[in-house]
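Chemist: Could you put together the complete structure from these sequences and hints?
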Amino acid sequence: MSNIKAIYAGLRACGFDPQDEDTKRDLFERVTNKRSLRLMNDTEQQAVAAELRRLRGNKPLARKKLQGPFAKKLQGPFAKKLQALWIASWNLGLVQSRDDKALVAFVTRQTGVEDTAFLRDPKAAEKVVEALKDMLRREGVMLGNTNGHSWLRDDAAKVAWAQWKKLYPVSDLRDLTAFRARIAAMSGKSTLDFVERADWQRINNAFGVIIRKGAA
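Okay, so the sequence shown: first residue is 23 according to our numbering, each after it adds one.
Any given hint could turn out to be false.
The calculated lysine to aspartate or glutamate pairs, modelled on DMTMM-like cross-linking and capped at a C-alpha distance of 25 Å, are [unchecked claim]:
1) 27 to 43
2) 123 to 156
3) 235 to 73
Hint data in this document are derived by calculation from the structure and do not stem from the laboratory.
Modeler: Here you go:
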């Protein structure tokens with residue numbers, strides 16, 4: 023398998039969307055200081071492939087068509103909300119696996135229900151939701167609070183700020199210069215208020231890669 027094919031297979035195996043240019047290129051830059059595979063020599067491409075193997079736990083690639091960890095969506099009326107909270111927790115380094123099986127195991131520990139498809143009781147679902155929200159709040163995610171900043175109305179933006187604080191602990195909402203510049207570079211949006219949910223989610227994923235690497 024060529025370096026390029028190995029890299030794209032590794033991206034899929036780790037749950038990256040190969041079409042998500044920002045997250046993909048942030049990973050490339052972190053490993054090689056280059057944002058394009060075309061600019062890398064053979065050794066640098068091999069380093070990217072090796073990093074992707076490390077991120078997925080050095081598990082060999084399956085011969086069948088690779089899929090991301092959420093290729094088959096969870097079922098049930100509360101699945102989407104739980105999944106969003108779980109991914110946020112993963113991107114903050116609070117849980118060890120993004121995989122659906124890990125989330126289902128968490129749901130089972132909290133409620134005794136063995137699959138989100140069978141999680142129908144609102145009180146039981148709320149117990150899981152609040153457990154995940156408590157984890158995020160302890161990590162500095164300001165759920166339900168914009169702290170006077172309109173761009174923090176989106177929960178994914180709140181996660182991004184908590185991630186930034188984790189990476190740069192002295193950061194303060196009173197001085198957003200560095201944060202604003204980084205987000206503009208990653209999203210292409212001139213101000214924080216213009217950053218959309220899809221942008222924030224890509225930023226969450228990109229920061230999550232950096233956070234998990236630091237925790238490794």
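Chemist: If a hint holds in the structure, say so; if it doesn't, say that too.
Modeler: Here is what the structure says about each hint:
Restraint check for residue 27 and residue 43: the C-alpha separation of about 16 Å stays at or below 25 Å, so the hint holds. The straight-line distance between the Cα atoms of residue 123 and residue 156 is roughly 21 Å, inside the 25 Å bound, and the hint therefore holds. A hinted pair counts as satisfied when its Cα atoms are at most 25 Å apart, and residue 235 with residue 73 qualifies at roughly 10 Å.
Hint compliance for this structure: no hint is broken.
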